[in-house]
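*Asks:* Each chain, letter by letter, is given below.
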Amino acid sequence: MIENRKYIVIGVFCLVGLVYLSRLFYLQILDDSYSLESSSNSIKRVIEIPHRGQIYDRNGKFMVYNTPVYDLYVTPKKVQIPDTAAFCHLLNLERTEFDSIMAAAKAYSYQKPSLFLRQLSKEDFARIQDALVDYRGFEHVTSSMRTYPAHTMANALGYVSEVSKKQLEEQETPYYRQGDYIGRSGLEEQYESVLRGQRGIKFVMQNVHGVVKGSWKNGAFDSLAIAGKNLYTGIDAEIQQYADTLMQNKVGSVVAIEPSTGQILCMVSAPTYDPNSLSSRFFSKSYSKLAKNPYKPLINRPVMASYRPGSTFKLIQALVALQDGAVSPGSIFSHAGSPMKCHCNRSGRLNLSGAVQYSCNPYFYHVFRRLLYNNAERNTFKASAMGLHHWHDMVAKFGIGQRLGIDLPSELKGSLPDAELYDKLYGERHWKFSTVYSLSIGEGELLISPLKMANVAAIVANRGWFYTPHIVSGIGKPGQGIDPKYLEKHDVGIDPQHFEVVAEGMQGAVEHGTTTMAANIPGITICGKTGTSQNKKGKDHSIFVAFAPRENPKIAIAVFVENAGWGGIAAASVASLVIEKYIKRRVDNHALDKKVKEANYLPAIVPPQKPAPKKFIEPPKDSVAKPMIVKTILQRSVPPVPAEAPSLASRPVTTNGN
Amino acid sequence: MLYIACVLMGWLNVYAAVYSPETQTNLFDMSTNAGKQLMWIGTTVLLIIAILVINYRFWDTFAFVIYGITILMLLLVLVAGSNIKGSRSWFKIGGFLLQPAEFAKLGTALALARYIDFPNVNLTKLKDQLWCAGIIALPALLIIASNETGSMLVFASFIIMLYREGLPGIYPLIAIVIVTLFILTLIVPKLILFGVILALAVLVFFLTPRYQRSVQNVLVIGITAVSMIAIVAGVDFFVNSVLQKHQQNRIKVLINPAADPLGAGWNVTQAKIAIGSGRLQGKGFLEGTQTKLDFVPEQSTDFIFCTIGEEHGFVGSAIVVSLFVFLLCRLVLLAEKQRTRFARVYGYSLAGIIFFHLMINIGMTIGLMPVIGIPLPFFSYGGSSLWSFSILLFIFLKLDSRRVGMFTR
Chain P
1 MIENRKYIVI GVFCLVGLVY LSRLFYLQIL DDSYSLESSS NSIKRVIEIP
51 HRGQIYDRNG KFMVYNTPVY DLYVTPKKVQ IPDTAAFCHL LNLERTEFDS
101 IMAAAKAYSY QKPSLFLRQL SKEDFARIQD ALVDYRGFEH VTSSMRTYPA
151 HTMANALGYV SEVSKKQLEE QETPYYRQGD YIGRSGLEEQ YESVLRGQRG
201 IKFVMQNVHG VVKGSWKNGA FDSLAIAGKN LYTGIDAEIQ QYADTLMQNK
251 VGSVVAIEPS TGQILCMVSA PTYDPNSLSS RFFSKSYSKL AKNPYKPLIN
301 RPVMASYRPG STFKLIQALV ALQDGAVSPG SIFSHAGSPM KCHCNRSGRL
351 NLSGAVQYSC NPYFYHVFRR LLYNNAERNT FKASAMGLHH WHDMVAKFGI
401 GQRLGIDLPS ELKGSLPDAE LYDKLYGERH WKFSTVYSLS IGEGELLISP
451 LKMANVAAIV ANRGWFYTPH IVSGIGKPGQ GIDPKYLEKH DVGIDPQHFE
501 VVAEGMQGAV EHGTTTMAAN IPGITICGKT GTSQNKKGKD HSIFVAFAPR
551 ENPKIAIAVF VENAGWGGIA AASVASLVIE KYIKRRVDNH ALDKKVKEAN
601 YLPAIVPPQK PAPKKFIEPP KDSVAKPMIV KTILQRSVPP VPAEAPSLAS
651 RPVTTNGN
Chain R
1 MLYIACVLMG WLNVYAAVYS PETQTNLFDM STNAGKQLMW IGTTVLLIIA
51 ILVINYRFWD TFAFVIYGIT ILMLLLVLVA GSNIKGSRSW FKIGGFLLQP
101 AEFAKLGTAL ALARYIDFPN VNLTKLKDQL WCAGIIALPA LLIIASNETG
151 SMLVFASFII MLYREGLPGI YPLIAIVIVT LFILTLIVPK LILFGVILAL
201 AVLVFFLTPR YQRSVQNVLV IGITAVSMIA IVAGVDFFVN SVLQKHQQNR
251 IKVLINPAAD PLGAGWNVTQ AKIAIGSGRL QGKGFLEGTQ TKLDFVPEQS
301 TDFIFCTIGE EHGFVGSAIV VSLFVFLLCR LVLLAEKQRT RFARVYGYSL
351 AGIIFFHLMI NIGMTIGLMP VIGIPLPFFS YGGSSLWSFS ILLFIFLKLD
401 SRRVGMFTR
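Sequence order for the protein chains is P and R. The first sequence maps to residues 1 to 658 in the UniProt record's numbering. The second sequence maps to residues 1 to 409 in the UniProt record's numbering.
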């Protein structure tokens, strides 16, 4: 009996063995959830962030480069701080800030390092590096920060910041992760995929504390990070900076284009800000300050603001009328029969060139009238509709009323009215020339951005064609890799000979006409045209478009100065100085230079009211009724200077009439 | 020497071969462990030679002396031991640690064998039962005092040997009933359990043939039911009040590992992940990620089985389990062949100890047993355990070789 107990004992041994074997079988063969968990457990994907591409100007100067900065990480478990007060002082931290950062780090993990301070500059880091030896638990990681050595063109360059929650959710292929940087406006956004490069992925094995223990499978599944490509732009940083100084204390835009290539030479949006301010660890502070600024410095006005072109639109009117055969270069119209007032005092003595030169409103009233009725239709309503339709198609070729396709995000279409719009507004056959005649001088339902106006100047400079304006002229290498649409010549469908008539008038305008003195630069033949964009909400905006020299033009430019009052004087001064600087590489007219820099056209900020209206959506039906008399501005009242703007006494600006 | 001894030696070599690579794995993290382990293996070989040289009579004669020495060591360690991980159970000799609790098993096994070997000892008699219980309880209590509860539990394994030597079957049965009730208490609400016990008692009463319903039998049924209820109530009290916090957690985790996967359940969860990720073939030698990277705690000592499971898969772990079972059966059969009762008792004790270690150690890594920190024989890193198991095994081999030797002579 007792002898048999050995079998029971052996039986128990075998039974336990069997139970364990079946359990192992279940764990290792049947249930694969454990095996899946193990890989996420110990193998970690480490992302390698490549260098973001840098941006150069046309002369090879840096517009944007990466500065090494230091991110300070803290591992709460290892922290030893003998004197917290001294430590906070060292890092320029408030005690409360220190406490909250530490609390967040501890909440994340005691073992793993978390971000303590972001983007310490080299100088800051050098200052604290030695002292940091006394404090345990802190380590630094080098990363990089966008730096803008020219301190300019913030609006067009854009900025880089952490990817937003919304962007994270909306991305089509999941690339970005929480905390990644992404280009947020301007070129940084437009060329994000080129600039960012390709992130590398490394698989590493980590132990239970998240400490890396070497690469996994010797890196067989790793992909190397590919550095972002550099961008080579057509921007002339020197001109850009100079235009910046001219536009200080003004709201508006300067856009200059190299007509032969369509490359943008400078693109100023005023008021602007130093792009470096959005690239430091003080990003959110700076950003909210900029966002609250009533002059909206974050808006890139050259492409995001639209104005009525005013008299500058007469250039297009003249060209399409000539092409259409509605008028000839020698056509003469008197002031009679036009409801518009004029200040040229040359009624009935001006041909087309002269009308451009002196910006004769009644003349263009007649030109537009001829244009609309230049068809076989006898009914004036039907003829107007047909004529406007034809006119719309011709003007549209200049890029008006559509996006040009510049390599910047958020370009506005603007507005170019067609017959359908007026049918909607007034009813079919309930409108005719006399309803829409304000279009003849660039008022009414027209809305054009400074960029498009500069492009119009480039079209005239080229005598009938243009390349789509673009900032970037080379991706990766200078002159390579850009979108082929920027290498495609667009013809506007106007005979080159017609441009000479207009250019003649523009040259005259600068030398003898509307803008004498303001825009005339000795030694350079500038062709220009002033404009006034009517503004119901405040002082009119001053516009000037120009190109120079007349033969073989090097630069086409459009300048918009908001609230600078009637006439193109304020804008013309800026434009001529930029042209002089670009062509001569120096400015001789120091008096003008000084005067422009000191001029202050910042509108007063009345809290509830919008300070700087940029868009005029509502079509003024009574635009012609507005007085267009000579306004000689003798003394400007000093507008209250907002706290953000440097205090600058405004000087009286005199115009010499036109 | 002889055929069977050679087979046993062969087994050992297999273990040694499997064993040293396992520690090599841990070279990644603690190179010193592997180095030390080599030293332990070296010294173990010396010990084995010594054991094989010493006359078999030595163990028989000095059984109680050895027992006395181990008891003395256990006492000494309470006073002079180093405190490691909360238990005062290690001697620090030079750079190495020695755990007398490991050797206490040897002393107890020898003493028990010697006692039972007395010609007139009968384990059905209460006096002898108490003597045995005393021999076992003395070191066990001392080990509890040094806060090494895991090692203490090993002494329960002697019940296997005692059972074979004639201990009435009621004792293991009671033990099994208690363990079952213990587990049930943790899973099933108490009141339901009470009800079931009472119902069972009533059922047994009515199923008993009428002529057997003596007062005595009814009393037995009643006392059994009452004591079962008392156990259930006691278990609750025991778990929540007597056990230390970490011990409570370990038991709760066994019942529900998902309750606290990053806290108390961490060990078990990670151990299961490591073993489970091995699949059929394993990740290959030295390719284990879980164990190598410290996810599994104590992976070179108590959780060594995870390394086998992860790197060699089901094939490897099944081989290891089968080998152990084969070894155990072999030991039992060998013990049965012994001429002397001393050798047989000792053989059974050895089998019981190895079995208990195996059951607890592998059981806890695959989530069938609570986490109790006792090593896997011959596999786990640690000099004391390697020494004590080798000594245990080879003393038996020496005893056995005498038998075979006598036989052939």
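Wrong hints could be hidden among the right ones.
The following residues of chain R were derived to be distant from chain P, with all beta-carbon distances above 12 Å [claimed, not checked]:
(1) Pro119
(2) Ala133
(3) Ala199
(4) Leu203
Sample of chain R residues facing chain P (criterion: CB under 8 Å; computed from the structure) [what the hints assert, rightly or not]:
(5) Ile159
(6) Ile160
(7) Arg164
(8) Ala225
(9) Val332
It is worth saying that the hints were derived from the structure and are not from the lab. Computed from a predicted structure; not experimentally measured. Backbone N, C-alpha and C fix where the C-beta goes; we use that ideal spot for every residue, glycine too.
*Asks:* Against each hint, give a clear statement of whether it holds in the structure.
*Replies:* Structure-based check of each hint:
1. Distance to chain P confirms R:Pro119 as a non-interface residue, since its nearest Cβ pair spans about 16 Å, more than 12 Å.
2. The beta carbon of R:Ala133 sits about 19 Å from the closest Cβ of chain P, which is more than 12 Å, so the claim that it is off the interface holds.
3. With a least CB separation of 29 Å from chain P, R:Ala199 remains clear of the 12 Å interface cut-off, as annotated.
4. No Cβ of chain P approaches the Cβ of R:Leu203 within 12 Å, the least distance being about 27 Å, so the stated non-interface status holds.
5. For the restraint placing R:Ile159 at the interface with chain P, the shortest Cβ-Cβ distance is roughly 11 Å, beyond the 8 Å limit, so the hint is violated.
6. Because the beta carbon of R:Ile160 sits about 6 Å from the nearest beta carbon in chain P, less than 8 Å, this interface hint is met.
7. Hint on R:Arg164 holds. Least Cβ distance to chain P is approximately 5 Å, under the 8 Å limit.
8. With 8 Å as the threshold, the beta carbon of R:Ala225 stays out of range of chain P, its nearest partner Cβ sitting at about 27 Å, so the hint is violated.
9. At a threshold of 8 Å, the smallest CB-CB gap from R:Val332 to chain P is about 5 Å, leaving the interface hint in force.
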